[in-house]
Amino acid sequence: MSRYSALEVLKGGLTGQKHWQRAWRDPEPKQEYDAIIIGGGGHGLATAYYLAKLHGMSRIAVCEKGYLGGGNVGRNTTIVRSNYMLEDNAHFYEHGMKLWEELSQDINFNVMFSQRGIINLAHSDAQMDAFARRGNAMRLNGIDAELLTRDQVKEHLPMLDYSGKARFPVYGGLQQPRGGTARHDAVAWGYARAADMLGVDILQNCEVTGFDIHDGKVQGIQTTRGAIKSGKVGIAVAGNTSRVCALAGLNRLPIESHKLQAMVSEPLKPFIDTVCTFGAGHFYVSQSDKGGLVFGGDLDGYNSYAQRGNLPMVAHVLQCGMALMPAIGRIRLLRHWAGVMDMSMDGSPIISTTPVKGLYLNGGWCYGGFKATPASGWCFAHTVAQDRPHRLNEAFTLDRFERGYLIDEKGVGPIPALH
Amino acid sequence: MATQSNRLPGGGEIDRGKPLTFRFDDKTYTGFQGDTLASALLANNVKLVGRSFKYHRPRGVFSAGPEEPNALVHLRSGDRQEPNTRATMIELYDGLIAESQNRGKSLRNDPQRINNLFKAFLPAGFYYKTFMGPFRNTRLWMFIEGFIRKSAGMGAASGLPDPDHYDQMSRHCEILVIGGGPAGLMAAKSAAANGARVILVDDRADPGGQLRYEQYEIDGKKGLDWINETVAGLEAMDNVFILRRTTAFGYYDHNFIGCVERVCDHLPEPEGNKPRQRVWNLQAGHVVLATGSHEQPMVFGNNDLPGIMLAGAVRTYVNQYGVVPGKRAVVFTSCDDAYRTAIALHDAGTTVVALVDTRKLDSSYAQQLLDRKIRIINDSAIVSAQGNADGVTSVEVHSLSGGGAQRLDCDLVAMSNGWAPALHLFSQSGGKTAWDADRNIFVPGDSKQAECSVGAANGNFSLKTCLEEGSAAGAMAASSTGFNTAVQAVPAVSEIHESAYEPLWECPDPAKGHPKKFVDHQDDVAVSDIQLAYREGYISVEHLKRYTTLGMGTDQGKTSNVPGLAIMAEARGCSIPEAGHTTFRPPYTPVSMGALGGAETGEHYMPIRRTAIDSWHEEQGCKWIDAGIWRRPRYYPQSGETIRDAFIRETGMTRGSVGMCDVTTLGKIDLQGPDTAEFLERIYINHWMKLPVGKARYGMMLREDGIAYDDGVTSRMSENHFVMTTTTANAVKVMANLEFYLQVIWPELRVQVTSVTEQWSAIAVAGPNSRKVIQKIVDIDVSNEAFPFMGASGCVAAGIPGCRLFRISFSGELAFEINVPCDYARYVCEKIYEAGREFDIVPYGTETLGNMRIEKGHVAGPELDGRTTADDLGLGMMMSKKKEFVGKRLAYRDSMTGENRKKFVGFVPADGKTPLKAGAQIVVNENAAPPVEMIGHVTSTGYCVEHDHPIGLGLIRGGLDAWKDRVVYMSYPLRNIIVPMKVVSPVFVDPEGERLHG
Amino acid sequence: MIRINCPWCGERNMVEFTYGGDANNVYPGLSEETSEKQYFEYTYLRDNPCGPHLEYWHHVNGCRQWIKVKRDTLTHEVIATVPADKPVGEKE
Amino acid sequence: MADPAVKRRSALFEIYRTGEFGDLVKGKAGVSICERHALSIIQVAAWKDQTDAVIATIEVAAGIKPSAEPCSAISSEDISAIWLGPARWLIVEKETRDLHAVIGADVTADMAAITDQSHSRCVLRLSGPQSRNVLRKGTTLDMDPGHFAPGDARTTSLFHMNALIHCLDEETFDIYVARSFGQSFYEVIIHAAAEYGYQVADRI
Ligand SMILES: Cc1cc2nc3c(=O)[nH]c(=O)nc-3n(C[C@H](O)[C@H](O)[C@H](O)COP(=O)(O)OP(=O)(O)OC[C@H]3O[C@@H](n4cnc5c(N)ncnc54)[C@H](O)[C@@H]3O)c2cc1C
Ligand SMILES: NC(=O)c1ccc[n+]([C@@H]2O[C@H](COP(=O)([O-])OP(=O)(O)OC[C@H]3O[C@@H](n4cnc5c(N)ncnc54)[C@H](O)[C@@H]3O)[C@@H](O)[C@H]2O)c1
Ligand SMILES: Cc1cc2nc3c(=O)[nH]c(=O)nc-3n(C[C@H](O)[C@H](O)[C@H](O)COP(=O)(O)O)c2cc1C
Ligand SMILES: [Zn+2]
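Protein chains in written order, with this note's numbering: chain A, 1 to 419; chain B, 1 to 998; chain C, 1 to 92; chain D, 1 to 204.
Treat each hint with caution, since some may be false.
[Unchecked claim] Simulated crosslink set (PhoX-like; lysine-lysine; CA at most 20 Å straight-line):
#, chain 1, residue 1, chain 2, residue 2
1, B, 274, D, 28
2, B, 831, D, 7
3, A, 357, A, 217
4, A, 18, B, 512
5, B, 119, A, 290
6, A, 290, B, 150
Note that these hints are calculated values from the structure, not bench results.
Based on the sequences and whatever the hints tell you, model everything.
This is the structure we're talking about:
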C-alpha cells in the first residue's frame, strides 16, 4: 500500500491518480481472533490500532454494524481540548492532546488537527473565577491555559456583541491555545487505514447481536456475519453502550442515551479563527476548513436513540448564536443532524474491566469523546491487552459510582442530561 | 446601461410596465417586475455569474429554482449583505445590488482560476494525503490550512450586526399541504371543502408550480388562469390559510413542520415593523407533500460551462420570464419532457440546432419537432462541450452505438436526465424511500407519520395524475382528521402521453482527452473523483459523500446525489437501490439563522427578572449584575468610587451602623398542610418537628447522591404553615423537586407547596442600629426579649398590613428581613431608608452581601459547587443521626467522608495585606514545577473591614484539623501570582455570634 | 416536536415540559432497613432501552403535575401517559 | 387592606405609556393592550378528597363557583375562578375587599391551602382582531378560535415565560405572568404587536 505524501499526490497527478489502493481491506470475518473490538467509531478503531502497534497483538477484528465512522465520530463538532479541572480528567485528556499533536504523522493520514485555540467565554465575575479555578489547575498540571480579558477576547473574536446591548456581556474568557479542531472523518479513516496496515480486520456491516459467555468469562460473539470466537472483547459503541452491554447481561448501567444536535452553515470565507463557547447558554462554534460554521448546543433532553433532533433546540442554539454574534443573522443554516450520546452519571467516561472476565467497556463519553479518541484507544488497548487499567484510566472504572469516587467536572450530580 | 438583448418582445408573467434597475458586480442593468435576479441576468445576456468552489471554474445560471448550485451571489451590501444567495430565488426589486463571489477582484480575471490548471493534483481528498510535515507537530499543516481556508468557502459574511429583525409563529391545522403546484392546489381544494383547517405553503411568490410555465390547458382554460381561479377560491375560504414565499424546511416528530416565510425579502428593506423573515411552526393533523420534483442533469465532459442548463429551467425562462438564454440551442435528453423545451425555444425564435436523445425510441413529441424542422439525433449523447468563461460554443455528440461523432455549434445546451421526486420532507418524516425500477426513480415508501405524497413528489409526472392524486389525497386527509370526504371533480387537461424515460447516468468519454465530467457543480466533484473514491474503498455512499464532498454544498446535491450514487453503483457493479442514498436532513433549503433564532435575541435573548424595588436601585445609582436571569444591584458607587472602595464602605457602614439590601431573588416556597413538618424532616438534614411557631431555622438539603444541594431558612408561621427560602440559583429546581417528592414518592403526605417568590419582596436590614430602624417601621416589639434571634412574625410595616418580619442574618450582624407584598415594596423600602437616615443607613448590593457572608464564614454558591458534602462545609453536625433523610445513606459512602476530603476553611495572607483571589489553587510548595499537587482551592475572597486585611474562604484537603495556622500557597499561575497564606477558621467576625443574639 | 398528552391539560408541546428520566426506578423509601445498594441503584442505574421507555415528565409550564409517559426512544412516539402516582394503563 | 393613601405600584409602573404605536392601518390598531392592576389573586389548593366541598364553599364565600374541568375558567362580571391544576384555582377580582380573608373564613385549612398571590403577577389584557396573532408568536398552543374559546384558560410557555392565558371573548385574553418578568413581558408583547399597530389603554 502506498504511503501518503505530497510526492505521491504529485505523481498521481501525472497518472490520473490511478495508483491509489483501498485505504482498508474488506475482509471476511475469521473464525477466531485474539481480540475483538465492537464499534468501528473513533475509539474502537484507535483501540485496535494501539493494540496492534503497542501490545504486539496481531489477530484483531473491529466489528461495525454500519459503515465505518458512521456513529458519533462522523457527526460531532470536532472540538479537541484538554482544559479540564479535575485531576483524573486533566491527565487523561492531556495525554490525548499529546497524541493528537503527533497523530497525522503517526498514522500517515492528515487528520487536519488544527490547534487554533478554544475560548470559553465568561459573562460574570463569578464565571471568571470559576474559569480561573480551572485554568489555574490546568497550569499547575502542566497544561496550557490563558485567562483573557474582554479586550483580549475582542482581538480573537471581533464579531461578538460588545455593543452594550448584549444581554450577557462578555467579561473575558479562558483560552486553551493548543485546543482546536480536527477533521472528524479523517480520524476514523486514518485509524482504520493504519490499523488495517497492521493486519487488523475491519468488518463493516457486522452488527454484534449476542455474546457467548461461560462461567463468567467471554468466549466469543454472535454477529450478523456469523459467530466469532475470542477470549477478549472490548465494547466501544458510544451511544449504544446500554444496548450492547445488555446483550452481555450487564443490565442497568449508570448511563442514559441522549441525542445531541449539531449544525453547519453554508460555506463562508474565514469568519472565525478559533473555537468559541458561549457562557450564558448552550452554544459553541468553530469553522470547518470547508468554510461551514459548525454549531453545537445542548442535548434535546430526553432519552433517545434517534439520530435526528427537534426544532426547539436548533432554535435555541441559534438564539444563543444571534445573542452572541448578531452578524450571523444573514448567514444560512445548511444542515442539522444529531448523534446519540452515552451520558454517564458523573459526566466522565468509563474505560474499565467488567464483571465478565475478558469483557471490557469503553463508554460514557457524553458529548466530549471525540477529543478523547487517541487517549481512549490508547488506554483501552492497554486495559484489554493487560486485563487491567493503565494509571491514566484507573479512575474511570465502572464501579466508581457505587464506591462514590465520582469525577463530576460540572458538579450537577447523577442527572445525565445536565452533564 | 445594458439592454435586455435576450428578452422576448412579449409573453411571460413579468410586468413590462414596471422596469427595475439593478447592479451586478460593477454594471447596472434593467429587468422587470416579476423577474428573478437570474432571469434578469439572462435577459441581459450575462452568462458568467460565479466561480466554483475548488477549481474556480466559470459558472453560469444552471436552474430556475431552489436546486441552483452555481448562481450564488452576495445580495445587498453593507450590514445587509447575504452571502450564497441563489439568484434563481431572488425576486428582483428596484435598486437591487448583487455581487459575484469566490473570486479575486474581478469575476472574469479571478487569479485563482489557475487552480483549474492543477486540477489533476487536487483530486478528492488530496489534503488527507499530504501536508503532514516532516516533524511531529501540527505546524506545517496549520500553515497550509491558512491558505486552504482562504480559498475554501463561497461567500463572505459581512461581520456586521444584522439590522433586521425576525419572528416566529405557531399554527395548528388539520391538513397541511406543502407545495402549491397542480397537485397541491387540488389537494388543498378537496381537503378544505368540508371545513377542515387547511394551510397551504408554497415557496414562490405565487403558487402554481411547474404549471406556471407550461402551455397546458385545464378545463379549457390556460393553465395560469386555472391556477389563479383556484387560488382565489381557496383564499376566499375562512378555513384556508395560504403562505406564499414560504419554504417548508423541516419535517419533525409528531407532524410538526418548520417553515420560513420570506416576508420582506422581495423588498429593498423590511416595511415598517414587519420582520424580514418569519418562521412558522406548523402542527398538522395530516400532511400532504406536493413538493414536486427536481430535474436531473447529464454528466459529460465540461458540462459545467455557462450556457449549459437544465431543460426545464430553460423552458421556465422562456415561458414564464420571456427570456431566451441563447441564440443557438442544443437540447439533450433522456426523456420526453425536454422536447417541450425544444418546442418552446423554437416558438420563441431561437434556433434549435438539434435535439440529442439518448433513447432509440421515438418520443411522443417527435412529430411536433419534425413539424418545426428540428433535427432529432437519437441513440446519441453529448460527450463534451467546448467554450470559455463566456459560455459554451459547441458540443461534441457521439452515437451511443458507436461511431458517428459530430460537433454542433451552439451557445445554449438544455439538458434533462429525467426528474427526481423531491423526497426531502418525506424522508425527514421518517419514511424510507423505495426504488421504482420501472420508472428509474426513488419514490416515497411507506409513511411513518400521518402524511402522503402526491404528484411529481410521488413520482407521477402527468398533469392529470397530479390533479387526481391531489384531489384524492386532500379528501383522504380530511376524512382522516374527522371531516367528511369530498373528492373534488378533477378538471380535464390537454396532455399527451409521454414515452418512457431511460436515464443515462454518465456519458461516454470523447475520443480524445478526458475533460472533467462534473457531477456536483458547486463542490467540483467529477466522475473521476467518484472513481478515485471507489478505488480507495470509500464505496458506501456515505463515505463517497464525505470523501469527495459530493452533495455537501448549499444545494445539498439536489441535482447531483442521484447521478453520483448511480455512478458509484455502476463502479461497484451493484444496483442503485443497493448503493442507496445519503440521509436527507433539514433544512430543505438553507434557512437564515436570524429567522431560526427568532425575535428573542439581543437584549431580549432571555427575559430579565426584576425585583419590585428595581427602579429605586436605579435611582440610587446602583451598578447592576446578572444573577441568573435576575438583575440585582451589585454596589452603589459614590462619586469616583471603584467597586472595591464601594463594598468596603458599604460593609463598614453596615457593620458600623446599618445597611439595607434587596434580597427578593431568594426562592420562597409556601408549604401548608398537616404533614409539612414531617415532609421537611425528610428533605432536610436537620430536625423540624419541634420548631416552634414563630421561629425560623437554617436548613440544608442534599441531593439523592449525598452531595450538598441547597440551603436556606425556613420558618414556621403556624402549626401547619411554613415558609421556606432557597438560594436564588436553585429556586426553580427545588420547587420542582418538592413537587416530585410530594406527587410521586410520598403522595400520602398532606402538604401543598406553592412558589411565593413573586408575591413577596424581601429587604434585609442589618447592623447594630437595625433594630432601631425596624422598630420605627413595624408594629410589633422587636426587642431582643420579644423578638429574639430566629424570630418570625407577621406585622404591619409602614402602615402596610400583611407583612412579615424575620430576625435572621446572613451578615452576622444583628439583622432583620422584612417581607412585603411586591406592589408595596418600593414604598416600604423608601420608608426604611427614611427611617434609617438618622443612622446613615446605606443600601448595599451583592458585592457587600457577599463580602459580609465571607467575613462571617457562611457558605454560598462557590462552596456549594455540586461536589461538596455537608460535612466538607463544616455542617456535618447538622446531619441528624436519628432520622432518615434524602441523600443520607449515600452521603456516608467511604469516599464521601474521611480525612482526605477537602474541607471548608478560611485564609488570610501571610503578610496581612496581599489580596487573595477566588479561583486560585492551593499548593504546599512555592516553587514546584508542573505537575504540581493541588491540595485545595480558594472559593471566595473579600476584605475584612474590621480587621483591615484581605480574607478568603476555600476548601483544603484535611481541613482545619490538618492545616490550622499553617502556611500554604495560593497559586494563581494564570496571572503569575503566588501568595503565602495562613489557614484559619472561616469565621472572621464575631465568632461567638454575640451580635446575632444581641 | 414531541406532543405529550397531559392527563389533565390534554395534548401539549414538549416545550411545556421538563424531563425527569427513568420511571422504572422505584424509590427505595427512607427507612433504616433499606440498603445502601438500593439507594445506589435508584440513584445511579437506569433502564436505557431502544424502544418503549417509561419516564417521568413534569408539566412545569402547565398544571405543574409530574406524569408518567411511555415513549418510544427510537421513534419518539408517545404510547401512553398517566399521572405519576398511577401505574401505566390505568387512568385516574 | 393597606392605607388607601398608599397606592399599589404595578410591575409596569415605570414603562407603561398609553397611546397608539406601530404600523397602524388607516389609523387603526390591530391590538389593544391594557394592564389589569390592583387585583386580588388568591390561590386555593384543595385536598383532593375535599375538591367538591371546596368548590361549593368558594361559591358561597366568594360568589364564584370554580370548575373542576381542567383548563377552564368561570367568570362573572367582577370575579373569575381559573383552573390552574388538579384541585387548584386562582380566584381573581379587582381588589375591593380582603378576598384572602373572605375565602379563608369559610375554606378552612383542612379543606384547602389558601395562598395570597395578589402581588405575584403582571396581568395584561389583549384584545382586538390581531390579539391571537400576537399570542401565536410566543406559544405553541392552538390559538384558533374554535380551539381556544371564551372560558378556556391554559397555562403554557409564552415567549419563554410561564404564562396563564384566559380567553374572555373571541378576541380578548387576560395573560398572567410572574411579576418579576413583567417588564420583559410587556416589551416582547409590544414588539410582537408593532407590525399590527397597537394601542396601550388606561389600566383597568
Ligand atoms: C453532535 C455531537 C457533537 C459532539 N461534539 C464533540 C466535540 O466537539 N468534541 C468532542 O470531543 N466530542 C464531541 N462529541 C462526542 C464524540 O463524538 C463521541 O463521544 C465519540 O465520537 C464517541 O466515540 P466513538 O467515536 O467511538 O463513537 P462512534 O463513532 O459512535 O462509534 C461507535 C460505533 O459502534 C457501532 N455499534 C453500535 N452498536 C453496535 C453493535 N451492536 N455491533 C457493532 N457495532 C456497533 C456504531 O455503529 C458506531 O459506529 C459530539 C457528539 C455529537 C453527537
Ligand atoms: N412530463 C414530465 O416529465 C414532468 C416531470 C416533472 C414534472 N412535470 C409536471 O410538473 C407538475 C407536477 O406537479 P406538482 O404539483 O406535483 O409539482 P410542482 O413542481 O408543479 O409544484 C411543486 C410546488 O411546491 C413548491 N415546493 C416544493 N418544495 C417545497 C417546500 N419544501 N416548501 C414550500 N414549497 C415547496 C414548489 O415551489 C412548487 O411550487 C405537473 O404539471 C407535471 O406535469 C412533468
Ligand atoms: C464538522 C462537520 C462539518 C460538516 N460540514 C458539512 C458541510 O459542509 N456540508 C454538509 O452537507 N454537511 C456537513 N456536515 C454534516 C454531514 O453531512 C452529516 O449530516 C453528519 O455528518 C451526520 O451524518 P448524517 O446526516 O448522514 O446522519 C458536517 C458535519 C460535521 C461533523
Ligand atoms: Zn398538565
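Here is how each hint holds up against the structure:
1. Between the alpha carbons of residue 274 of chain B and residue 28 of chain D the distance comes to roughly 16 Å, so the proposed pair stays at or under 20 Å and holds.
2. Our distance criterion of 20 Å between C-alpha atoms is met by residue 831 of chain B and residue 7 of chain D, whose separation comes to about 14 Å.
3. Distance check on the hinted pair: residue 357 of chain A and residue 217 of chain A sit about 4 Å apart at the alpha-carbon level, within 20 Å; holds.
4. A distance of roughly 19 Å separates the Cα atoms of residue 18 of chain A and residue 512 of chain B; the hinted pair therefore holds under the 20 Å criterion.
5. Pair hint residue 119 of chain B plus residue 290 of chain A holds up; C-alpha atoms about 17 Å apart against a cutoff of 20 Å.
6. Distance hint between residue 290 of chain A and residue 150 of chain B is fulfilled; the C-alpha atoms sit about 10 Å from each other, no more than 20 Å.
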